[in-house]
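Take the given structure of chain A and dock chain B to it, following the hints.
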Amino acid sequence: MRDVAIVSFAQSTPGLTDVEETETQLLFPVINEALDGIGITRKDIGFTCSASCDYLAGAPFAFVQTLEATGAWPPISESHVEMDGAWALYEAWVRLQHGDVDVALAFSSGICSRADISEVLAIELDPYYLAPLWLDPLSLGRLQAEAVGQEPPTEQPKYTDAAAAVILAAGDRARELVGRPAWISGIDHRTDAHYPGVRDLSKSASARIAGEQAGVDKAPVDVAYVSAQYPHEALILMDALGLKHVFGLATNPLMVSGLIQIGTAADAVIKGDASRSVGHATAGPCLQQNLVAVMES
Amino acid sequence: MSERVAVIGCGQTHHRKVRDDLSMAGLVREAAERALGDAGMDWTDIDAVVIGKAPDPFEGVMMPEVYLADALGCAGKPIMRVHTAGSVGGSTAVVATHLVSSGVRERVLTIGFEKQSEGDTTWGLGGGRSGSVGAGGYFAPHMRAYIDRSGAPDYIGPAVAVKDRRNALKNPYAHLKLENLTIETVMESPYVWEPVRRLESCPTSDGAAAMVLTNERVAGSRNAAWVHGTAIRSELGQFPGRDPVNPQGGRDCAADVYAQAGITDPFNEVDVAEIYVPFSWYEPMWLENLGFAAEGDGWKLVEKGVTDITGELPVNVSGGVLSSNPIGASGMLRFLEVALQVRGLAGEHQIEGAHTGVGHAYGGASQFFAMWVVRSEKP
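Chains as they are written, first to last, in the working numbering: chain A, 1 to 297; chain B, 1001 to 1379.
Bound-form chain A, shown alone (with noise of 0.2 Å):
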């Protein structure tokens, strides 16, 4: 494969609720920071990818509205992935090993604070046998607790607003714009059964998988941050990704904690605080899909 890197991270201030700003408003600032932060500018973007959900728009084609962050004109290569961020830098990786385009940009917003998050991930369930009963993510959440032997959780994680943005690049393009590019050695997704009664959830065989397609445990790790929202959802995550020590979720802004987590993991190796880092983003209900990425200095 081509050798492709994280070279800059930008959030906004994390924690954010209740926030006045649109999902475009939140990302301009964003996208500028990390761009400014390898001094480059739009023009230099060969290839972008958006993640956004309708659901926590309340609208459809949430994407349209965030395209103006980038500032599309001329026209440019873009796509977009309903999904969290963290799967838009995956997009982002695979286009980039194509040798044609050298800088990539992926991006992600979410505003969880103007949506009933228990009510839109319901929407979320199968829609014949799930969604009907409105189960919400707490009780999913409490199911699989109690699978692992834990304490089930009486409280939902509390869902902030955030936007993030992560720019890739490849080969001697990563080298020319930041000291210590973080390369990503391994990246792999997967998903298990949507169905709750069909799966072991006690363990996640996706994370697993895509931990061991990613190189996990090929050398050590000096810092892993996975998208655990609670206690037994990281306790599950350690053991499938073979790892001592995790950090969490202190706050979830759906769409973009995953992306949030692996660009953190990358800064721990663009500023020399780590040499060899994992980042973790999940999907659907009781950590249904997994993907993992792996970074090196």
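Source of the hints: derived by calculation from the structure; they are not laboratory data. Treat the hints with care, since some could be wrong.
Claimed, not checked - Pair by pair, the computed Cβ-Cβ distance ranges are:
(1) B:Asp1020 / A:Ala219: 49 to 59 Å
(2) A:Val198 / B:Gly1344: 39 to 49 Å
(3) A:Lys244 / B:Asp1047: 28 to 38 Å
(4) B:Arg1144 / A:Gly15: 42 to 52 Å
(5) B:Gly1076 / A:Gly15: 33 to 43 Å
(6) B:Asp1020 / A:Glu176: 49 to 59 Å
Said to hold, decoys possible - Facing chain A, a subset of chain B residues (Cβ under 10 Å, in silico):
(7) Ala1075
(8) Gly1353
(9) His1355
Note that the Cβ used here is the ideal one computed from N, Cα and C, for glycine as well.
For chain B alone, coordinates are given in the frame of chain A:
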């Protein structure tokens, strides 16, 4: 490092107004199983799935791929969800192509779907708020501007509507089957949004499209459509100086994909094109935007029958979006139909000897574009 990409499996549902015989999972499986069958593969042969659909409020399920993972045999595998408005079926196929061409995966199943009957699309387009004009209401002024600029006669739009519906009669999967349609009957149908009449508009459909994409090693000697180029473009939807009738993004997207495929004269070098035409007037408009005709001349190709199934440049011989419109699949169907053509598997609507095909999709405020060029020979 770039792997050659082959389309070795194509499958689609029988598109209908309401497929209440199937769940959403059943719908995507109907298309996917046909694609796997065409490829001579099983679910276990697939490395990764890339799925696309238009806005989630259309069916009322947030990120439905999370639930569809089971039906698509994804446990233990990667699944990604793309959403780029109307162009999504095309963009999804482009993402799937990149997974193979990058060398990251060897066998990718890609799917686009929409089950419009589970919701209310026009309600969804308005974000649940009242006053949504629908897609046609948004595009109508652009079509009117095209007519005024080009001086096209008023029967051109109806002629496209008749052509595509006649083509649909040759496609067993097409939704609308309108026998004996004439330009007169189209012109007698009521305006939905001037200049677009009811019979010049796409239907709302339930349906799915699926393709199996592999690298050269896996494709082996199978009957394949080879991908010679992919391109995507996005531009801001609203600002002074933008031309929504002949958008720069569409022109750039076409120029990019033609350059990759070595096409310098699209009209003469392309054997068959599937272009995203949800409202009749978009055929002449996109013929110009994609470089098949000079600006202002697109309607002349329609008038001369050049884009008929028997013409020099057959366009939408499957019946197009005007005959089947499962939105999230509509773009992928354009990509899929040209793959079928260059594989010689299009059945009754096959263009004899089709060698080079162009698939196209657009979305948003005519601001998102996706295209590919496929050929019967390897790049």
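message = Just to be careful: measuring from the Cβ of histidine 1355 of chain B to every Cβ in chain A, is the smallest value less than 10 Å?
response = 25 Å, violated
key: Verdict for aspartate 1020 of chain B, alanine 219 of chain A (Cβ pair) under range 49 to 59 Å   = 54 Å, holds
inquiry  = Please check whether arginine 1144 of chain B and glycine 15 of chain A have a Cβ separation lying inside 42 to 52 Å.
reply    = The hint (42 to 52 Å, Cβ to Cβ) holds, given that arginine 1144 of chain B and glycine 15 of chain A are roughly 50 Å apart.
ask   = For the pair glycine 1076 of chain B and glycine 15 of chain A, does the Cβ-Cβ distance stay inside 33 to 43 Å?
value = 35 Å, holds
key: Hinted contact glycine 1353 of chain B with chain A - closest CB pair below 10 Å   = 32 Å, violated
Lysine 244 of chain A paired with aspartate 1047 of chain B, Cβ distance criterion 28 to 38 Å = Given range 28 to 38 Å: holds, Cβ gap about 31 Å.
inquiry  = Verify the CB-CB distance for valine 198 of chain A and glycine 1344 of chain B against the hinted window 39 to 49 Å.
reply    = 42 Å, holds
message = Holds or violated: the 49 to 59 Å window for the beta-carbon distance between aspartate 1020 of chain B and glutamate 176 of chain A?
response = Roughly 58 Å apart at Cβ, these two residues keep to the hinted range, so it holds.
Hinted contact alanine 1075 of chain B with chain A - closest CB pair below 10 Å = 5 Å, holds
Hint check: violations occur at hints 8 and 9; the rest are consistent with the structure.
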